[in-house]
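Trainee: Residues per chain, in single letters:
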Amino acid sequence: MKPRFLTLAAALLGASVLALGAADARPLKWARSGDALTLDPHGQNEGPTTALNQHIYEGLTERDHTGKLGPLLATSWRVLPNDPTTWEFKLQSGIKFHDGAPFTADDVVFSYERAMQPTSDFKGYLSSVEKVSKVDDLTVHIKTKGPNPLLVNNTESIRILSKAWAEKNNAVKAQDFKNKEENFAVRNANGTGPFILVSRETDVKTVMKRNDGYWNKAKVPLEVTELTFVPIKQDATRVAALLSGEVDFVQDVPVQDIARLKSAPKMRVTSGAENRTIFFGMDVASADLKGDDVQGKNPFADKRVRQALNMAINRGAIQRVVMRGESVPTGIIMPPFVNGWTKELDAAPATDVAKAKALLAEAGYPNGFSTTLHCPNDRYVNDEGICQAAVGMFGQIGVKVNLVSQSKSIHFTLIQKNPPETEFYLVGWGVPTYDSDYIFSFMYHSRTGSRGSWNATGYKDAEIDSMIQSLSQEIDIAKRDATISKIWTKLKDETIYLPIHHQALSYAMNSSLDIPVDVANSPKLKMVSFKGS
Amino acid sequence: MTTAVPPAKPPGRLARWWDSDIAFSFRSSPVTVMATLLALLLVLAAVAAPLIAPYDPFDPASLDLSDGFSKPMEPNEITGKVFWLGSDGQGRDIFSAILYGSRISLLVGAASVLFSLVIGVGLGLVAGYVGGRTEALIMRVADIQLSFPAILVALLVFGVARGLIPPALQERATLFVLVAAIGLSNWAQYARTVRGSTLVEKNKVYVDAARLIGLKAWPVMLKHVLPNVAGPVLVIATINLALAVIEEATLSFLGVGMPPTQPSLGTLIRFGQQYLFSGEWWILLFPSLVLVLLALSINLFGDWLRDALNPKLR
Numbered sequence: 001m002k003p004r005f006l007t008l009a010a011a012l013l014g015a016s017v018l019a020l021g022a023a024d025a026r027p028l029k030w031a032r033s034g035d036a037l038t039l040d041p042h043g044q045n046e047g048p049t050t051a052l053n054q055h056i057y058e059g060l061t062e063r064d065h066t067g068k069l070g071p072l073l074a075t076s077w078r079v080l081p082n083d084p085t086t087w088e089f090k091l092q093s094g095i096k097f098h099d100g101a102p103f104t105a106d107d108v109v110f111s112y113e114r115a116m117q118p119t120s121d122f123k124g125y126l127s128s129v130e131k132v133s134k135v136d137d138l139t140v141h142i143k144t145k146g147p148n149p150l151l152v153n154n155t156e157s158i159r160i161l162s163k164a165w166a167e168k169n170n171a172v173k174a175q176d177f178k179n180k181e182e183n184f185a186v187r188n189a190n191g192t193g194p195f196i197l198v199s200r201e202t203d204v205k206t207v208m209k210r211n212d213g214y215w216n217k218a219k220v221p222l223e224v225t226e227l228t229f230v231p232i233k234q235d236a237t238r239v240a241a242l243l244s245g246e247v248d249f250v251q252d253v254p255v256q257d258i259a260r261l262k263s264a265p266k267m268r269v270t271s272g273a274e275n276r277t278i279f280f281g282m283d284v285a286s287a288d289l290k291g292d293d294v295q296g297k298n299p300f301a302d303k304r305v306r307q308a309l310n311m312a313i314n315r316g317a318i319q320r321v322v323m324r325g326e327s328v329p330t331g332i333i334m335p336p337f338v339n340g341w342t343k344e345l346d347a348a349p350a351t352d353v354a355k356a357k358a359l360l361a362e363a364g365y366p367n368g369f370s371t372t373l374h375c376p377n378d379r380y381v382n383d384e385g386i387c388q389a390a391v392g393m394f395g396q397i398g399v400k401v402n403l404v405s406q407s408k409s410i411h412f413t414l415i416q417k418n419p420p421e422t423e424f425y426l427v428g429w430g431v432p433t434y435d436s437d438y439i440f441s442f443m444y445h446s447r448t449g450s451r452g453s454w455n456a457t458g459y460k461d462a463e464i465d466s467m468i469q470s471l472s473q474e475i476d477i478a479k480r481d482a483t484i485s486k487i488w489t490k491l492k493d494e495t496i497y498l499p500i501h502h503q504a505l506s507y508a509m510n511s512s513l514d515i516p517v518d519v520a521n522s523p524k525l526k527m528v529s530f531k532g533s
Numbered sequence: 001m002t003t004a005v006p007p008a009k010p011p012g013r014l015a016r017w018w019d020s021d022i023a024f025s026f027r028s029s030p031v032t033v034m035a036t037l038l039a040l041l042l043v044l045a046a047v048a049a050p051l052i053a054p055y056d057p058f059d060p061a062s063l064d065l066s067d068g069f070s071k072p073m074e075p076n077e078i079t080g081k082v083f084w085l086g087s088d089g090q091g092r093d094i095f096s097a098i099l100y101g102s103r104i105s106l107l108v109g110a111a112s113v114l115f116s117l118v119i120g121v122g123l124g125l126v127a128g129y130v131g132g133r134t135e136a137l138i139m140r141v142a143d144i145q146l147s148f149p150a151i152l153v154a155l156l157v158f159g160v161a162r163g164l165i166p167p168a169l170q171e172r173a174t175l176f177v178l179v180a181a182i183g184l185s186n187w188a189q190y191a192r193t194v195r196g197s198t199l200v201e202k203n204k205v206y207v208d209a210a211r212l213i214g215l216k217a218w219p220v221m222l223k224h225v226l227p228n229v230a231g232p233v234l235v236i237a238t239i240n241l242a243l244a245v246i247e248e249a250t251l252s253f254l255g256v257g258m259p260p261t262q263p264s265l266g267t268l269i270r271f272g273q274q275y276l277f278s279g280e281w282w283i284l285l286f287p288s289l290v291l292v293l294l295a296l297s298i299n300l301f302g303d304w305l306r307d308a309l310n311p312k313l314r
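Note that the protein sequences, when read in sequence, are chains S and W. Take the first sequence: its position 33, counted from the start at 1, is 33 in our numbering, and no numbers get skipped. Take the second sequence: its position 289, counted from the start at 1, is 289 in our numbering, and no numbers get skipped.
Calculated from the structure, these hints are not laboratory results. Some hints could be false.
[Claimed, not checked] In silico SDA-like pairs for lysine to any residue, Cα to Cα no more than 25 Å straight-line: (1) S:K400 - W:K312; (2) S:K233 - W:T134; (3) S:K233 - W:A61; (4) S:K417 - W:R162; (5) S:K355 - W:R162; (6) S:K290 - W:Q262; (7) S:K262 - W:E77; (8) S:K266 - W:K312; (9) S:K233 - W:E77; (10) S:K400 - W:S66; (11) S:K262 - W:F277; (12) W:K71 - S:R320; (13) W:K81 - S:Q396; (14) S:K233 - W:S288; (15) S:K180 - W:G279; (16) S:K400 - W:F277; (17) S:K290 - W:V160; (18) S:K180 - W:R162; (19) W:K312 - W:G159; (20) S:K290 - W:V43; (21) S:K290 - W:G163; (22) S:K180 - W:V256; (23) S:K205 - W:S288; (24) S:K168 - S:P118; (25) S:K400 - W:G279.
I would like the entire structure built from these sequences, with the hints used as guidance.
Mentor: Listed below in C-alpha cells is the structure:
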C-alpha cells in the first residue's frame, strides 16, 4: 500500500512539474491606492485604469517596463512605400479572445473606430487618423490625414476588444465616463490578454484568472494563476496589508514608509523614475471665476498672477519634506523621457516671495485674492500633501486658497466636464507615447474635436493650435522637433500650468517577487516569476 | 448681658446648591469630580485656543514645510524650532492644532446637540401632546431613523448637502453641513424620550388647569409640559455631546468632514494614521489621546448626571 502511494505521488509530482515547466505558479494579490475607473478599454485614459485593463486587453504594440516599444497583437508594421499617409499593420495569427472567438482585422478596425468616437477618452491618440480599414484577415491599414511618421507610438494605448462581443452586448459605443454613462463593457471584459476577468466589484476587488490558452505563452512566464486587484486607499492600511501578507505587491508606496519596508524581513522595494509630471492647472480663460472673491475679473487670466503663483511654490521644500526626496522638481509639465525635453525647459523658477508679491501688486492684486483649489487624495504620491503645502506657499504671497480634496473619481470628472467644474486643480500627466505631441494635444490644444479633452484651463491660441496640428503631419523629424521646441518655449513663458515635479516611484512586494518599476507605472504582471518562498 | 444671637442668615443660593442632594452626590464621587475638571480644562483650553496656542494652524501662510516632522520637544533639524508635541508633515504645530481642532470638535458637537435637541424635543412634545396620526407619523419616522446607524445618516445628509451647495460655498458651509448632518442623525432619541414623558405629564391636573384657563396648545406645551420633561433630556444631551464629538471625528477621519486646512481632531487623526508605520508616532498619538480624554470625561459626567437625576437609584 505504502510504496504504491509513494509511486503515485512521485508520478503526480513529476507530471505537475512537467506541466508547469518546473515553474512556480501562484496567485498574486496586487494593491494600490485607487481602483480602475472603468473596464471599458476606451472609457478613461487614466493610469491605474489602463494599468489594470492591459492584463485583459492588448494593443497592437506594447512597451516593456523601460518604455521600449515592441510587437504584440501586430507582428510588424511599416509605412507603405508608395503612400506616406498609410500605415500597414500585420497581425499575429491564431489569437483567440477569452470567449473563444478568433481575433481578426475586423476587431482591430472596430476597436480603432470605437476609440475615435466622441465619447472615447482615447480619441486624442488618434486625432491624425482619417480611416482604419481591413485589407485581409491579418492586415490592417491606418490612413492618416497627413503623413504621420510617429503613429505607431500611439498604438500601444489603443486596446482591442472583440467586435462580435461588443455588438452582441450593446457596447459598441465607448463609455462616456464624464457623464456617468455605463455600458456592458464597464463591468465585463473580453480581450486577448493574459488574464481573464472573473469578477469585479468597483472599489472593492477585481479578480482575474490566468488565460491558459494565452497566445503569447511561450514568450512570457505567466506564472500568476489568479490575479486579484484591490484598491486600498489608506496609506497605512495598504502597507499593513503587505506586511501581514494579505497582499503580495503594492503600488503607490507611501514615501514615509519606504525606509521601513526596505528594512523589513522578506520584503523587497524597487524604485525608479516615472514618466509623469505633477502640476497645477487653472482657468485662464473665463471672464470671471466662480470660486474666487474677485468680482468681474479672472485673476488667472493675467500672466503676471500665474507667474507670481509659479514663483511662490517652493519646489525644493516639497521634494524634501512632502516627497522625502522621491521626486525631481521641474518647471515644465514634460518628463525627461519625452521627445522635446531639454534641461533649459526643465529649469524651475527660483522661489521668490518678494518678487511674486510685486508681480501680484503690478497685476492689481496688492492684497492678493482668494480662490478654491481642487485636489485628488488617492491618485498621485502624496497628492493631498502637495496641495496642502502649496496652499501654504500661495498664502505667503497673499493668495488665500480653500482646499477641496476628494477621491479621484470625483476629481477627474470636474476636469473633464465641459465646461470644466474646477478653476484651479492638481493633475499629473504621464506620456505613454514619449512624444511632446501627446502633452500638447491633451493639455494645451483648445478643447475642440478630438483634442484638448484634459485641457480644463480654457487656454486657446490659434497659432499654438495650428502648430500642434502640424506635428502629426510632419515627416521631417528635424523640422518637427524645431516646432516642438518653439511651442514649448512659448507655452513655458505663458505659464498655463504650474509644474511641481516629476514623480519617482517605488513598488513594494514580498521577497518572492522582483517587479521592476515600470516607467509608465503600469506593471505587467504576466512578466512575474516567483522565486523561493 | 446676653448677646443676641444674630438670626441665622438664610443660606445663599450657592450654599443652598452646595447642600443639595445633587451637589452631595457630585462631591462624593471622585471620578466625576476628576472627569468634570478634565472636561472643563479641555473646554477652556479649546475656547482660549487663540490665547494659548503658540501658532495659528489655520493660517496656511504661516506654515513652513521645513518645520515638518519635528519630534516632540526636540529642535527641528533644519530650522531649530522646538514644538512641544512635535509637528506634522506640513510643519503644523501639533499642540496648536489640537487646541484649535478640539475647538472645532466641541463647537460642532455642541451645535449639533443643540440642533438635534430642538428638533427632537419639538417633535416629541408635539407627538406626545397632540397624539393621533401626527404622533404615529412622527414616531414612525423616528423609528426608521433609529434603525440606521447614526454615522450612515450623517454621511447621507453630508453627501446630499455636498451635491446641493455650489462648489464655491462648500468650504465655508462645511461646518454647518457637519452640524446639520450630525444633528439630523441624533434627534430621534430626544423625540422618543420627550414623547414618553409628555404622555405622562399631559394627563396631570396642572395641564388640565392650564387648558381650562384657555391657554392654546403651544403655551401649554412650552411653558408647562416642557420644564417637567427637561430632566431626562439634559442627560441625553450630555451623553450625546460626547457621541457627537466622536461622530464628527469619524466623519473627518473618513475625509468628509473638516477640510485639511482647518483640521478638527478627526482630521488630525486621519493625517496621523498615514504615519503609523513610519515612526512619526506623535502626529497620531496626541490628537487621539485628546479625543479619548474629551469623550471619556464628558461621558463620565453624563453617566453621573443620569444616576443623580434618577430618583429610583437614590
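Trainee: Would you mind marking each hint as holding or not holding in the structure?
Mentor: To see whether the hints hold, each was checked on the structure:
no., hint, verdict
1, S:K400 - W:K312, "violated, 58 Å"
2, S:K233 - W:T134, "violated, 46 Å"
3, S:K233 - W:A61, "violated, 29 Å"
4, S:K417 - W:R162, "holds, 18 Å"
5, S:K355 - W:R162, "violated, 38 Å"
6, S:K290 - W:Q262, "holds, 22 Å"
7, S:K262 - W:E77, "holds, 24 Å"
8, S:K266 - W:K312, "violated, 62 Å"
9, S:K233 - W:E77, "violated, 31 Å"
10, S:K400 - W:S66, "holds, 20 Å"
11, S:K262 - W:F277, "holds, 12 Å"
12, W:K71 - S:R320, "holds, 17 Å"
13, W:K81 - S:Q396, "holds, 19 Å"
14, S:K233 - W:S288, "holds, 21 Å"
15, S:K180 - W:G279, "violated, 41 Å"
16, S:K400 - W:F277, "violated, 33 Å"
17, S:K290 - W:V160, "holds, 21 Å"
18, S:K180 - W:R162, "holds, 18 Å"
19, W:K312 - W:G159, "violated, 43 Å"
20, S:K290 - W:V43, "violated, 38 Å"
21, S:K290 - W:G163, "holds, 16 Å"
22, S:K180 - W:V256, "holds, 22 Å"
23, S:K205 - W:S288, "violated, 31 Å"
24, S:K168 - S:P118, "holds, 21 Å"
25, S:K400 - W:G279, "violated, 32 Å"
When held up to the earlier numbered hints, the structure conflicts with 1, 2, 3, 5, 8, 9, 15, 16, 19, 20, 23 and 25 and fits the remainder.
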